[in-house]
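Trainee: The lines below spell out each chain.
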Amino acid sequence: MTKKINILTSKLVICFLMLFILLGCSGGREINDLEIVIGMGVDKDENSENILLTAQVVKEGEMEKSSGSGGGEGDGKAFWNVFGTGKSVFEAVRQITHKTGNRLFVSHNHVVICGKDLALEGLQKYIDFFLRAHEMRPTTIILIAEDRALDVMNAKPETEKLPAMNITKLVKTYGFTSHFYKVNMKDFASCLMCGTRAPIAPLVGISQDKDNKDIYVSGMAVFNNDKMVGRLTEDETRGLLWVLGKVESGVLLISSPNKQGKVAFEILEAKSKVIPEVKDGKIVMHVKIKGKSSLSEQTTAEDLATIEAFEKMQKAQTEAIRQEIMAAFDKSKELNADIFGFGEMIRKKHINKWKSLKDKWDEIYPTIELNTDIEVKIQKTDLLKKPVSPGKEEK
Amino acid sequence: MSIEKGKICNLQLLFLITGFVQSSVLLIDFTVVITEHQTWMVILAGLAIAIPFILSYVALAKRFHGMNLIQINDAVFGRFLGKVISVYYIFFLMMTLSFNILDVGELYATFLMPDTPFIILLIFFTATCAYAVYKGLEVLARVSHLFVVVGVIVIVSTFLLLIDQMDFSNFLPLFELPFIRIFHGIHIMLSIPFGETIAFLMIMGYINKTEHMVKNTLIGLFIGTASLLIAAVRNTAVLGNTEAIWTSPSFQSTRLIDIGTVLTRMDFLIGIAQTILIFFKCSILFYALVVAVSQLFGLKSYLPLVLPLAGIEVIIAATVFQSPVDHAAITQDAGIIYSVPLMFVIPPLSLLIAKIRALPKAERGKGV
Amino acid sequence: MFRYISKIIRYSALKSKNAIHDDTPDKNNNEPILSDLEKNLEKIKGVLRDSSDVTFHEFNFGHDRRFKGALIFINNLTDKNEIHKNILQPLMYDVLLLKKDVNMDFTKIDTVRKNLISITGTQKLTLMSDLLDHLLTGATILLVDGAKEALAIKSQKIEHRSIEEPGTEAVVRGPREGFNENVNVNIALIRRKIKDPDLCIEKFNIGERSKTDVYIVYIKNVANPKLIEEIRERLSRIKTDAILESGYIEQFIEDAPYSIFPTVSNSEKPDKVVAKILEGRAAILVDGTPFALVVPMLFIESFQSGEDYYSRPFLASIMRLIRFLSFIISALGPAIYVALTVFHQELIPTQLLISIAAGRERVPFPAILEASLMIFTFDILREAGVRLPKAVGQTVGIVGALVLGQASVEAGLISPIMVIVVSSTAIASFAVPAQTDSGTILRYLYLALAGLAGGFGVIMGLLATLLHLSSLRSFGIPYLWPIVPLNFSGLKDTFIRMPLWTMSKRPNAIVWDGSDSYRQGPGLMPSPYKKDSDGSK
Amino acid sequence: MIILIVVYILILVLNVPGLIKRKEWRELTAFSVLYVIAFTLGLLYVLDVPIPSPMKGLQHLIADVLGIKYPKH
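Residue numbers (this note's numbering), protein chains in the order written: chain A, 1 to 395; chain B, 396 to 763; chain C, 764 to 1300; chain D, 1301 to 1373.
Since the hints were made in silico from the structure, they are not lab data. The structure displayed is predicted, hence computed values, not measured ones. It is possible that part of the hints are untrue.
Unchecked claim - List time: in silico DSS-like cross-link candidates among lysine-lysine, alpha-carbon distance up to 25 Å:
#	chain 1	residue 1	chain 2	residue 2
1	A	LYS358	D	LYS1372
2	C	LYS877	C	LYS831
3	A	LYS355	D	LYS1321
4	B	LYS695	D	LYS1323
5	A	LYS385	A	LYS259
6	B	LYS695	D	LYS1321
7	A	LYS227	A	LYS282
8	C	LYS917	B	LYS402
9	C	LYS808	C	LYS862
10	A	LYS292	A	LYS262
11	C	LYS862	C	LYS877
12	A	LYS273	A	LYS290
13	A	LYS227	A	LYS125
14	A	LYS355	A	LYS271
15	A	LYS273	A	LYS333
Claimed, not checked - Facing chain B, according to a computed beta carbon distance under 7 Å, are these residues of chain D, among others:
#	residue
16	TRP1325
17	ARG1326
18	ILE1337
Built from N, CA and C at the ideal position, the CB exists for glycine as well.
Just chain A, same shape as in the assembly:
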């Protein structure tokens, strides 16, 4: 019996193999036929309702060439910006196939840059495609161009061969200064869905110096619902990040204890905790920040490695952070955009009270008070104990 089954099954296997071959199905695409898109830009088309989609396609041959044979600058750009127009993003994407001949392969799309005019008008209708299409990554980074996305895509960076890769790298390393923040599609959608929280996205621009265009990222665009309403400066952004606990590192500049120069600290670590308090209609947010920093640079000759100096500097540091936070807070009140997500925090902690607050959140938000409790410890002075100064005896 079992033997019979064995024979039967082996025949079965053969039959199914035949079946596979008969079906000869294929949903695959050869790698040669791919137009690998690594970045996309969305702009408003000049003269109509249409949008202008820029897709940055990698030219593999060029990529290899320069890495293989070293120099050979030539005109060889390693990327090709293809444009397409359409009433919706998807239409524009398919429009592009008229130029490429192949369908765009967007699985490796790392960034989406939205033009400013589009952001002012509202992004909701444009980001749907970027979340829905199965090839798209929800981790795609979203940025807002200071002017037009197209210009950013065209800038040719020096080290990286591809502008989009360059931008990705820039955004991913926001931690060096914490002057902007990485926002991906999913985060953006999450903020947008929340209703009360204001989405933010980093701003990208180009700086023209001499004949070279450089891409830079600084500050954040603030949205109210899906419309861009303003922008945070670099310090304001860091103020925001302090509250959210997303500061990774950065330079904190204060004036030295004797007011003669500046001392720069490197932020080593920062944690935050926000406790909302709702008391008879009045909302107070208690922000607690704990952090560590190290003395990284000083411009004065005084000896800072003393207990007194440390105390003074810690106070100054705290003050500097508070200023950053308050700047961000004031800006958000001014824009009436809940960039911190205070509303969410209240909802999570005080669901019952939230129900009454929810509908008039716009009116309530400017009345919120912020209470900060900041404690940043200076941990080390790096390699030097005393400053590099000639006159030690002066002291």
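Once you've looked at the hints, dock chains B, C and D against the given chain A.
Mentor: Quick look at chains B, C and D alone, frame taken from chain A:
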């Protein structure tokens, strides 16, 4: 005369049940839309409510040792009514199996390989299931622990890989949704992974020793549920309030994995792991279905029925729902309501009748 | 339908086999040996009339030369010196040393044997068929006029290689000796390692024409008697005309003839075979081949090497994991490459994708074709390399490497990444010699599946393979043991090799309950010094 | 279409001779019934004839006729 000649041991039962429950990781998505961030509660509540019912299945299997569901129905409800109920069960098994096959199809058609024709995926998958059923229950039971290990590794590793993207405040506020939604969610939970264990009544009769059955069933359920729980927690913590908008939150959360620049887009690997798990579940269901049908016809061997039933299942899976939207809507509604008597009424009732009529003794000679 | 066709084929095969039997000239095989020497000789000469290498030597012996005798032997199988010195000389001359009045009756074959033959290993024969059997295996037959029996005297002289290091299964540490073609030497090699009265060596004679000696070697009380009974049963079922190599036996006794996985293992190394015998397995030695079969075979055996046990456990464990990995690579390498580059490009890191794409820019073929072409070429090279004489083989290797590696890339036929994939696959496939065959077949299979349905196809193929493997049994032992079904004590020697002193039990799937299932007692972990020992520190 | 027929002939070839040889008429009957159903369904699918979905019917029965359903959330 029992159709299956192989015997399975208790430990294998544990793994079979674990794997069975675990493989519903993708299916908690039906619940997520309704219960959002409270899904984890729903899973636990579902388990708590399901345990007495599942124990009643076990009690039934112990009482009628060596018999399967169809035989039990015949014994308890008599020839005619028993047959009617058995047909009901067979319909249920057929539908459940086709839904699970469809789930794989949808998984691939929506996320992984949208360019490959849908029906071909279904055929591939069902053919492999048929091969597993050909090999018999014993082989399936013997490899069950490998499936469980794969499942646990995948679920735990995705959890760990996503841990830095998790925001546990997403679980707050603890109680927000109206009760009816929670109730609905619990019902879905009860039906989809837990109630479907009714299929084990086709298998439990072949366990060589009945002593530790209760213990092993419970442990199996707990491990399986723990996996579901980890997945639910992962989804909520990672996706937050967007959880309800995705076609498949479980899948979407794994798409967010981004470690370095290399460990990205892990979704395909996760998809594969899910496929393996669903394959396991489908094979069990398919086995139960084939044995049930051949028992109903009173056959000596179930092997001739495997391929025709596979053919039927493929077509049902391909045509039963027009789209995932249909699938979700009907599953959340009629899909879980029609099976209520099968899962929560008939087994306890049979147990009761069997107790009153002191059945297994009278019927054993016929059953074995 | 297939079944009917195969039945017809089977039937015709059976018929032709019967026809052979009908034609055999020695119908009168079972006739007894007569007392008349002339008639006997006539009969034997009749049977062996076309064999020119048979010598019939008739002579008279005894004091008065009144006894007539005949020696029959095959020239090249026997040692002439031996015959002259120990058979003919005693019979014809040493007999004269006996006193005349002793007057023995040399028509009784026993008397001849006991008094005159000075060789050990003689056997009395009464049947003609036995006589022929012994004659053809190299014995010298002594016929005496008046005796109804014949005497088979062992005087074989079989040329054989000396014991050398085998070409396969080379080791860095461990015994270098290998089996050779002479089964007696092989048994001696085993006997030398197990000096245990329980070591059983059962002899079988298989093959209607080849009459090959086949031995089952096992240890009583360690091997499961059911296993031995099963082997005996399967061996005695073989009815074929010749056994030329142990592979013949393997194909007649294996459990799953349709499976691509071997369920009988083989080895050329006595130490390896002995280790397996000590685990409760049985070895089957076949005359004429250095390859001994060992049953039952487990899948994990393919990944174990004798050296694992001779060297310390740490590196051995890593090596074993590497072997598992190489098997996976060898079966799946090209399939994964094709699935990734054709179906799941999103899984490849961006930079890598770009360089793969750049490498493939000039390649005109689809990836699946490219891969199969490359693997196919490699297999050709491998086959050619094995068959050719060594010196030419090297040339082929160099040419092949150039063709495969460089020229085809430069000509734009193959992408450089494909060369890497295929060559690493090829190398990996040799890391697990026992599964090289199945790995090669699986490679094509998975490649086809990957080309058709990408990762989904591969995963379905893997599942089917897993189910197939776990349904296999080798002589009653689940093939995937101890992974399927799970056995924790068996896992000690699976993915990693635990130190020898932890593995005090023999694999419990193989030994049976009543047997001596312990290799050693517990507490053998070495420690620097013992409290009670009075030795040096 | 052709593929479907080939596959079903294969199924037939795989199963029927064994059943006949072992004289399992009951099995053969069950097999034939299911086989015919499967083949018909397959044929209908290939010919693009709409196949009624049992779940749609159930939904109709339970929600509209019996009136058991969950409220929309």
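Trainee: It remains to establish, for every hint, whether it holds in the given structure.
Mentor: Hints and how they fare:
1. LYS358(A) / LYS1372(D): holds, 23 Å
2. LYS877(C) / LYS831(C): holds, 18 Å
3. LYS355(A) / LYS1321(D): violated, 75 Å
4. LYS695(B) / LYS1323(D): With a Cα-Cα distance of about 12 Å, the restraint between LYS695(B) and LYS1323(D) holds, given a limit of 25 Å.
5. LYS385(A) / LYS259(A): The hint holds at about 20 Å.
6. LYS695(B) / LYS1321(D): holds, 15 Å
7. LYS227(A) / LYS282(A): violated, 28 Å
8. LYS917(C) / LYS402(B): Distance of about 54 Å is beyond 25 Å: violated.
9. LYS808(C) / LYS862(C): Not satisfied, since the Cα-Cα distance of roughly 36 Å exceeds 25 Å.
10. LYS292(A) / LYS262(A): Holds - the C-alpha atoms of LYS262(A) and LYS292(A) are around 19 Å apart, at most 25 Å.
11. LYS862(C) / LYS877(C): holds, 16 Å
12. LYS273(A) / LYS290(A): At roughly 9 Å apart (the allowed maximum being 25 Å), LYS290(A) and LYS273(A) satisfy the hint.
13. LYS227(A) / LYS125(A): Given that 25 Å is the threshold and the Cα spacing comes to 11 Å, the pair holds.
14. LYS355(A) / LYS271(A): violated, 29 Å
15. LYS273(A) / LYS333(A): holds, 20 Å
16. TRP1325: It is violated, given that the least Cβ distance between TRP1325(D) and chain B is near 11 Å, above 7 Å.
17. ARG1326: With Cβ-Cβ at 6 Å, under 7 Å, it holds.
18. ILE1337: holds, 6 Å
The structure fails hints 3, 7, 8, 9, 14 and 16 (numbered hints given earlier, in ascending order).
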